[in-house]
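Residue numbers (my numbering), protein chains in the order written: chain G, 1 to 142; chain Y, 1001 to 1208.
Errors might be hidden in some of the hints.
Claimed, not checked - Lysine to aspartate or glutamate pairs mimicking DMTMM-like chemistry, simulated, CA-CA at most 25 Å apart:
1) Y/K1130 <-> G/D84
2) Y/K1130 <-> G/E91
3) Y/K1127 <-> G/D84
4) Y/K1127 <-> Y/E1101
5) G/K88 <-> Y/D1166
6) Y/K1160 <-> G/D84
7) Y/K1160 <-> G/E91
8) G/K64 <-> G/E105
9) G/K88 <-> Y/E1101
10) Y/K1160 <-> G/E75
Calculated from the structure, these hints are not laboratory results. Since the structure is predicted, the reported quantities are computational estimates derived from the model, not experimental observations.
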Amino acid sequence: MIVIRVLGAIAFAALIGCGRNPRMDALYVQRCISCHGPNGRGDGLVAASLPVRPPDFRQTVETKSNGQIRRIIAEGRGTMPAFDPALKQSEITDLLQMVRFLSREGRDLQWWERFDTLVVAHCSVPWDAVLGYDDGPEETKR
Amino acid sequence: MKSSGRIALALVTAVSSAPLTPNAFGHPEPAPVSKTAIQRAVTKKEIKDFDLIDQTGNRFEFRRLSGKIVVVGFGYTTCPDVCPLITAAMRSVQEQLTPAELPAVYFLTITTDPEIDSSSVLQSYAKRYKVDFSNWSFVTGAEPALRSVWQNFGVRVQRKARGLIDHTALVAIVDQNSIMRIAYYGTAPQPQMIGQDLRRFLKTKNAR
Chain G
1 MIVIRVLGAI
11 AFAALIGCGR
21 NPRMDALYVQ
31 RCISCHGPNG
41 RGDGLVAASL
51 PVRPPDFRQT
61 VETKSNGQIR
71 RIIAEGRGTM
81 PAFDPALKQS
91 EITDLLQMVR
101 FLSREGRDLQ
111 WWERFDTLVV
121 AHCSVPWDAV
131 LGYDDGPEET
141 KR
Chain Y
1001 MKSSGRIALA
1011 LVTAVSSAPL
1021 TPNAFGHPEP
1031 APVSKTAIQR
1041 AVTKKEIKDF
1051 DLIDQTGNRF
1061 EFRRLSGKIV
1071 VVGFGYTTCP
1081 DVCPLITAAM
1091 RSVQEQLTPA
1101 ELPAVYFLTI
1111 TTDPEIDSSS
1121 VLQSYAKRYK
1131 VDFSNWSFVT
1141 GAEPALRSVW
1151 QNFGVRVQRK
1161 ARGLIDHTAL
1171 VAIVDQNSIM
1181 RIAYYGTAPQ
1191 PQMIGQDLRR
1201 FLKTKNAR
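The shape of chain G in the complex, shown without the other chains (with noise of 0.2 Å):
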């Protein structure tokens, strides 16, 4: 049974969490497009006055693992906002994924990361919940 619904999870994730979409899109021009410009090459309109202008994905994106992305755009970094606690954890995951794919723009991949938005994907799943670990909803928190 729990297998089943491994899988069955794994594949819902794969089904919805990989491959760009819209909804990244518009995340990705709501909260970066200005700094980083239309293909993540850190050319935005704002992006030459900025202290330090922002890197292109290209050259930055594929050294850095997903947490170190994910802790990024969570936390900030100089003149980076830090977008926890304003997007939920699900959108952060979005951007990450579409920072993913605009580095990869016209580079051949790489055969491990072909899976890699499944990985995040996969990692985003609340396991707990989905295998039945978690204890519901607290009724005493307030």
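Given chain G, work out where chain Y should sit, using these hints.
Same frame as chain G, but now just chain Y:
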């Protein structure tokens, strides 16, 4: 410009009248912002006293700054466009001040998003800019209290989404008698311009 810059851009004819071009996502996008996209206005508006909360969680009383020249900026920590430029410009002005000038000048950043910008959020934000807290406070508070401050300075604020606010991009110089004397509206305030104006007010006989 998607959020805070929108209102500011409306004040800057050269930019607001620029044609929109579609970007890679098919969304309209204004023409590139130039560093001259700034409007400097000479004013003589009294700033009323207000009480807010600073980045350490302590009470902040504006009247305590009487006798100092105050550089006031408006923004919010998750602002994706104009506010980083405003904070960076103010930081640059702070860095330019001589040890003799520092005690006579105070910097104040007033949030336009109290929903997100708690004291601790503001403190983290300020630390990322490496500000000198000896003469700079970042303040937040209850929305009604903030709203009256925004109105007093003529700052329009409109919430678009969680952590996404349209607001007037304003940096102001308030003199030693709590009179707003200079207002800079726009996308890229120039530290040199602010510094020059600041030094002019520092030379007045009321400066401590």
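How the hints compare with the structure:
no.: 1; hint: Y/K1130 <-> G/D84; result: holds (20 Å)
no.: 2; hint: Y/K1130 <-> G/E91; result: violated (28 Å)
no.: 3; hint: Y/K1127 <-> G/D84; result: holds (16 Å)
no.: 4; hint: Y/K1127 <-> Y/E1101; result: holds (22 Å)
no.: 5; hint: G/K88 <-> Y/D1166; result: holds (20 Å)
no.: 6; hint: Y/K1160 <-> G/D84; result: holds (17 Å)
no.: 7; hint: Y/K1160 <-> G/E91; result: holds (16 Å)
no.: 8; hint: G/K64 <-> G/E105; result: holds (17 Å)
no.: 9; hint: G/K88 <-> Y/E1101; result: violated (44 Å)
no.: 10; hint: Y/K1160 <-> G/E75; result: holds (22 Å)
Hint violations for this structure: numbers 2 and 9, all remaining hints satisfied.
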